[in-house]
Amino acid sequence: MTEHDPEQLNVAPGAPHDSLFSETIAYVIGLALALLLTGLSFWVASTSALWGPGVAVGLVVLAIAQMGVHLVFFLHITSGPDNANNVLALAFGVLIVFLVMVGTIWIMAHLAANMGPMAEMMNLQTQH
Amino acid sequence: MSPILGKLTWSAIPFEEPIPLITSIVVIVALAAVAIWITKIKAWPYLWHEYITSTDHKRIGIMYIVLGLAMLVRGFADAIMMRAHQFLAIGPHQGYLNPEHYDQIFSAHGTIMIFFVAMPLVIGFMNFVVPLQLGVRDVAFPTMNNVSFWLSASGALLVNLSLFLGEFARTGWLAFPPLSEKAFSPGVGVDYYLVALQISGVGTVLTGVNFVTTILKIRAPGMSYLRMPVFCWTALASNLLIIAAFPVLTATLAMLMLDRYLGFHFFTNDGGGNSMLYMNLIWVWGHPEVYILVLPAFGIYSEVVSTFSGKPLFGYRSMVFATLAICILSFTVWLHHFFTMGAGADVNAFFGIASMLIGIPTGVKIYNWLFTMYGGRVRFNVPMYYTIGFMLTFVLGGLTGVLLAIPPVDFIVHNSLFLVAHFHNVIIPGVVFAIMAGYTYWFPKAFGFTLDERLGKAVFWCWFIGFNLAFMPSYLLGFWGGTRRMQHISDPSWRPWLGIELVGAFVIGFGVVLMVVQLVYSIRTRDQRRDLTGDPWDGRTLEWLTLSPPPHYNFAVLPDVHGEEAYWHRKQEAIERDALIAEPDYQPIEMPLNTPVGVICAFFASICGFAVIWYIWWLAIVGLIGAFAVFVWYAWRDEHEHIIPVEEVIANARERRRVRMENLHQLSQST
Amino acid sequence: MSNSEAAAIGLTHRGSEDTGLGQRGPQSKSIVVPYGFWLFVLSDMVLFSALFATYASLVHATDGGPVTSQLFDRTTVAIETLALLISSFICGLAMITAKRKNLLWTQIWLLLTGLTGFIFLLIELTEFVGMIRIGAGPQRSAFLSSFFTLVGCHGAHVTAGLMWIGTMMAQIWAKGFREDILRRLLCLSVFWHALDIIWVAIFTIVYLIGTLP
Chain H
-11 MTEHDPEQLN VAPGAPHDSL FSETIAYVIG LALALLLTGL SFWVASTSAL WGPGVAVGLV
49 VLAIAQMGVH LVFFLHITSG PDNANNVLAL AFGVLIVFLV MVGTIWIMAH LAANMGPMAE
109 MMNLQTQH
Chain E
28 MSPILGKLTW SAIPFEEPIP LITSIVVIVA LAAVAIWITK IKAWPYLWHE YITSTDHKRI
88 GIMYIVLGLA MLVRGFADAI MMRAHQFLAI GPHQGYLNPE HYDQIFSAHG TIMIFFVAMP
148 LVIGFMNFVV PLQLGVRDVA FPTMNNVSFW LSASGALLVN LSLFLGEFAR TGWLAFPPLS
208 EKAFSPGVGV DYYLVALQIS GVGTVLTGVN FVTTILKIRA PGMSYLRMPV FCWTALASNL
268 LIIAAFPVLT ATLAMLMLDR YLGFHFFTND GGGNSMLYMN LIWVWGHPEV YILVLPAFGI
328 YSEVVSTFSG KPLFGYRSMV FATLAICILS FTVWLHHFFT MGAGADVNAF FGIASMLIGI
388 PTGVKIYNWL FTMYGGRVRF NVPMYYTIGF MLTFVLGGLT GVLLAIPPVD FIVHNSLFLV
448 AHFHNVIIPG VVFAIMAGYT YWFPKAFGFT LDERLGKAVF WCWFIGFNLA FMPSYLLGFW
508 GGTRRMQHIS DPSWRPWLGI ELVGAFVIGF GVVLMVVQLV YSIRTRDQRR DLTGDPWDGR
568 TLEWLTLSPP PHYNFAVLPD VHGEEAYWHR KQEAIERDAL IAEPDYQPIE MPLNTPVGVI
628 CAFFASICGF AVIWYIWWLA IVGLIGAFAV FVWYAWRDEH EHIIPVEEVI ANARERRRVR
688 MENLHQLSQS T
Chain A
30 MSNSEAAAIG LTHRGSEDTG LGQRGPQSKS IVVPYGFWLF VLSDMVLFSA LFATYASLVH
90 ATDGGPVTSQ LFDRTTVAIE TLALLISSFI CGLAMITAKR KNLLWTQIWL LLTGLTGFIF
150 LLIELTEFVG MIRIGAGPQR SAFLSSFFTL VGCHGAHVTA GLMWIGTMMA QIWAKGFRED
210 ILRRLLCLSV FWHALDIIWV AIFTIVYLIG TLP
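Chains as they are written, first to last, in the working numbering: chain H, -11 to 116; chain E, 28 to 698; chain A, 30 to 242.
Just so you know, the hints here were simulated from the structure itself, not pulled from any lab data.
Warning: the hint list may mix true and false statements.
What the hints assert, rightly or not - Quick look at which bits of chain H chain A covers, simulated, 3 or more residues with Cβ under 8 Å:
1) 23 to 30
2) 44 to 52
3) 55 to 65
4) 79 to 86
5) 92 to 104
Unchecked claim - Just so you have them, the derived chain A footprint on chain E, three or more residues with Cβ under 8 Å:
6) 250 to 264
7) 291 to 304
8) 652 to 666
Here a beta-carbon is modelled for each residue, glycine too, at the ideal position from N, C-alpha and C.
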């Protein structure tokens, strides 16, 4: 159970695996990109230069990009064969998150449209 | 309300209600008697070292199964009470249970059966079997495994405590708001439910993490993914679902607790709360939960069918694919539990179609099992009885499920006795029969002797006949308008059907009694049925390579795996050459130490939980600090493992080889 | 015995030709432990997704009470975001020095990670207290319940992370860079980075999208 993995076919998620310089640079680049994306997000949210409904979409895209930056530069999730299990686990997690959020929002939106405000309905029901 | 005792007063003890009072007294006396007996035979040190603090997956598995079987008795007692009452409460008669009491009984029945019977039993089997089948020594995180078990036990303790102190929830096994909100359930019942489930839920998520890591990262050399036994694949899928679904349960129950304890407005009628949101979230968890239970059950059937047909499982890759398909699809169907809540035709159609689709991979599995039997030499041992019984009855339950997946049909039979029949029709043949089959199948591996066959068959017939009598009439009653959870039946023409169902319940009850008899009798006469070779059924997977019971470390040297059915090929080669493989190079073995962390942590969790339920805030803080302190103390230890000296390893291994060599020709029943 | 003999009786670790993936045998603890922790972090993400879904469903259920635009201040959020992001970065530096077993710098970076994290928490607590003071506490409406729970849950995780950082600093000081302590540090850094990922979602959805005109 404590045998070594000689062929380096697996890498622990989050484990850095390079020289001091390249490891540090990875974090610096990650920080720079994240700061850039954060700044962009705040700007996009307050500017009138973009078409209204597109702003929310743009913010979501920027957020996903920044999550990607975190995953690659801080958590060292790459597409190499040694990372396969980590990526698969992440993909499964993302799928579930997507199903839960999109499913709930879709269902609740339809319920809201069909079933009306809960408080009013309860009032109606409690008045015999 | 006092600052020292919170809501707890003498009136918490049910002096006015004879049934809980007498039951509590009987249980307390019985537990005390057991404790005194253990003390008398001086078995506490043995229990402490060999079981309670054990990090051995086999021991932990046995403890889970003991917990599950014990809680089966409690859950079944609730069932008999309900059936008896319903039979008596027809027309002008009122039965013997008032609605407040009846509601607690059906709520306790469902909660206990799902969370403290089915889950522990399934997890127990995965615990015992998976590392052995993977050809390794233990799971990825043995200490965490121990903690998981004790947290589940803590939850079970709290639920049962509600019988003696206070009350249980009256809101069904899922505690829907607004009924479960403070305004409509001001007592401690719902709090018992919430706290118990949150505590055991933590344990379950940790189990999920443990087993996915084990199956993906810790297997014998040569055991690639497509050489794993099917039971391990179903365990993988089930544990992936645990990781994916249980956090949603934790979040949802936490939100209900925030509503009740801190006056939040997630699901309340006022303040903008939306109780439909609860329904949605709880079923996002609830549907995967039933697949968490049934997938390992299907895995057990796969093992049993191939072993007792003397053939490799038909369609291994399609089984794997079907398992993973069910895993993913189970997250796309949850709305079928509330078609009638009003999301509309579009949404209902999507989820209805998805619910029907999920029947397809299940059908694939059934065909694979049938094709495995076809052309094989089927041996009708007890596990095979359960498997065939399952195939006959589960298909019916599955078909009624497909029927329910059609929204217009569901609008008519939602929450009726038809539904009750359906889900018992899939859970009992699906999960319970598999557990009984697995219990018989792996009992000799765990304890070194087989259970008595004749009594085993009698138990099967009681379950099979009893189940059919107890639930088939409910399909009809559902069509005739029977709603679930009714404390009183107004239509006297249902009396004969309810009578049949009551008889069925008693037949199952007799089966449960026979199980106990079988166990006691089998222990008493165990020398007649010793499992000397470690392979009593001519098995095909690696757990049968070890003697029964296996040594603490399972295998002296991890077996090299060269194909599917690793053990079968090795066995056939040995029989052909009339020699075992050459002795490998033995090494001393490192195994994890025992740990009291689990039981102590669960102790503090129980204290904290009890305190939260009764509003004893100082005690809750004490419990929380205690649990955290145990954690830190554990993190501070320097020794994690002990070494098993190579002499011991060699001695055990040579004994195993000697026994195997002697019995080489008995091992295979097909030569 | 020769290699071919050993191979003939199945004693080598070279599996046969078919079904290739995953034949290497059990992985070492330095792989297994972080992978298990990664799975736990993913389960935590699912927990947050349930809270996000709840927030999205209840964001307009204000019961006539305060709404997002009245309550959220983007400058405060920007400062919080910077604090947490820098904290994440510094945590990465701590991992680099820890791998090289440099006690002094690891402790310094860990301390700074904790401090910046604590600044984040302080700002958040101030925001919460401020909201409660003006009657916009979690008991006011479903929207506020879901806000406080989602953001508060994240804050609770940050708090737990801070306690963990403190514990790790104590353990490194007392026991040095032992294998298992390095593994725990790796898990801590995964946890800390994951918290920042969740914060990205929170500031985007709750604070930015939530206060769009």
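Evaluated hints:
no.	hint	in the structure
1	23 to 30	holds (count 4)
2	44 to 52	holds (count 5)
3	55 to 65	holds (count 5)
4	79 to 86	holds (count 4)
5	92 to 104	holds (count 3)
6	250 to 264	holds (count 5)
7	291 to 304	holds (count 10)
8	652 to 666	holds (count 4)
Going through the hint list in order, the structure satisfies each hint without exception.
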